[in-house]
Amino acid sequence: MRRNTWLAALQGAVVPLVLLAIWQAASSSGLVNAKILPSPVAVAVRWCAYLAPAEPFDPANSSYIAWIFSGELITDAIGSLYRVVMGFLVGAVLALPLGLAMGASRAAFRWLNPLVEVLRPIPPIAYIPLSILWFGLGNPPAIFLISLGAFFPVLVNTIAGVRQVDGIYLRAARNLGAGPLTIFRRVMLPAATPYILSGVRIGIGTAFIVVIVSEMIAVNNGLGFRILEAREYFWSDKIIAGMLTIGLLGLAIDSGVTRINNHLLRWHRGLEH
Amino acid sequence: MSDILINHVYKRFAVPGNEVVALKDINLDIAAGEFVCLLGPSGCGKSTLLNAIAGFSHPSEGSITVGGRPVVNPGPDRGMVFQEYALFPWMTVAKNVRFGLEVKGMAKDAADARVRELLDMLGLSEFGERFPKDLSGGMRQRVAIARVLALDSPVLLMDEPFGALDALTRRSLQDELLKIWARLGKTIVFVTHSIEEAIYLADRIVVLTYRPGTVKRDIRVEMPRPRDAASPEFNALKRDLSRLVSEEQQRHEAAERAGLTTD
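Top line first, the protein sequences correspond to chains A and B.
Heads up: the first sequence runs through residues 1 to 273, numbered per the UniProt record's numbering.
Heads up: the second sequence runs through residues 1 to 263, numbered per the UniProt record's numbering.
Don't read these hints as lab results, they were simulated from the structure.
There may be inaccurate statements among the hints.
To be verified - Some chain A residues judged to face chain B by a derived CB distance under 7 Å, without partners named:
# : residue
1 : 174
2 : 176
3 : 177
4 : 190
5 : 267
A virtual CB, placed ideally from N, CA and C, is assigned to each residue, including glycine.
Based on the sequences and whatever the hints tell you, model everything.
The structure is reproduced here in structure tokens:
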């Protein structure tokens, strides 16, 4: 088993390594302009410089830990992460109760679903002009856009989750003497959890896309801001270093969410790992 | 003393362009502590009747009383065991069994003790912390039975509870159920389409007709338990019942060929 995972990891590394080698060879041989496509080594060097603290360590100014994390990359990543988390929370906290209500009550669904269906296809990015008009610059418009991005996936999945609850569970619960409130809390909500969590996962993914876009318009830090800034100076190595960071952060968030999901859904079929 | 009283019960369903009479003038008087099997081919309304006793659906006409009280809603005085188990998959075995006790508002210590006792009774002590997905069908049905016994209801309604199990598991659960019934003295209404199962279990077998569902025959089974499926009496009864049921099965199939039904 252990040997297989190692083998799989090794196998997965082959294609990226080959591509990196071709890329490096193309750059070293001078086939491509380094301004257009810098070499992997140049990107790696830039990435380290981006990660490292800008000032030399001075005990008079800050603690060592604070200094280690004072690099531009860390500041940007924290800035982006803050917006993702805040935006997601605002969106999800609004979407969850609304979705539960619309899933559980036919009347609520009939009243609200047409509006949802009209608003849902509008990409959050289309709200950029309005968001600046309404919220000015800085974090508020970014968080507004991100919350929009997270809102609809959570809403739609929550509605679907509540609606698909197998009637047999409701019948069993009523037979066991449960009232409507108990049924909602202890039967409908947990039965809908797999759907809700997949909505959460999609919502976080959307939030992560929107944060990069929103940082390109209204703020002056964050990973999205940084790669746009690097373009102004023609630092293509920094653009790629920034993109890699976005990829790694996205991967970290998604695997974290997957872990939480697997724990919450340990009772669920087909998730036994 | 009668425990379940079914009085002139009709059940009609509207289907597009037609009306199906699922139950027609059903009259049954089930005594406290009696083990009754409702037997018939699919579409004979045996599950419809059970659902009406459980309070999941209301008769179109007539009345049902259980323990002297008219049935209005589903309730914990009539525990139901479903063919599909209907365990809550997000709860452990112990939590499933505990659900009815918590709804009732039983104190924590008392509930703990009761859950332990029930898990013991059904041979599930080792499985309290497992989730239903990790159990076999037979084990799941044991949990469902324990969950319903927790209610301490005088009446147990069982809707083809062993229909999805293999023959050996089925027999062992049948024996278990008879033991529990002998020990706790519940009134059991048990729906099945297995003639052998009905003879093995019941004090009384009620054969229903295919649409409209009426009582075709109401037979008392006097053989002592445990019943031997190889004995001449068992087989004589089996032959009689097979004839009755297959008449209804043929009506069902004729109706199907005529396109009158889709099930």
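>> Tell me if the interface restraint on residue 267(A) is satisfied: Cβ within less than 7 Å of some Cβ in chain B.
In response: 4 Å, holds
>> Quick check on the hint: residue 190(A) CB to chain B CB, less than 7 Å?
In response: 4 Å, holds
>> The hint names residue 174(A) as touching chain B; please verify it with the least Cβ-Cβ distance against 7 Å.
In response: 4 Å, holds
>> Holds or violated: the hint that residue 176(A) contacts chain B, with Cβ atoms closer than 7 Å.
In response: 4 Å, holds
> Does residue 177(A) meet its interface restraint, that is, does its C-beta lie within less than 7 Å of any C-beta in chain B?
Replying inline: 4 Å, holds
The structure fails none of the hints (numbered hints given earlier).
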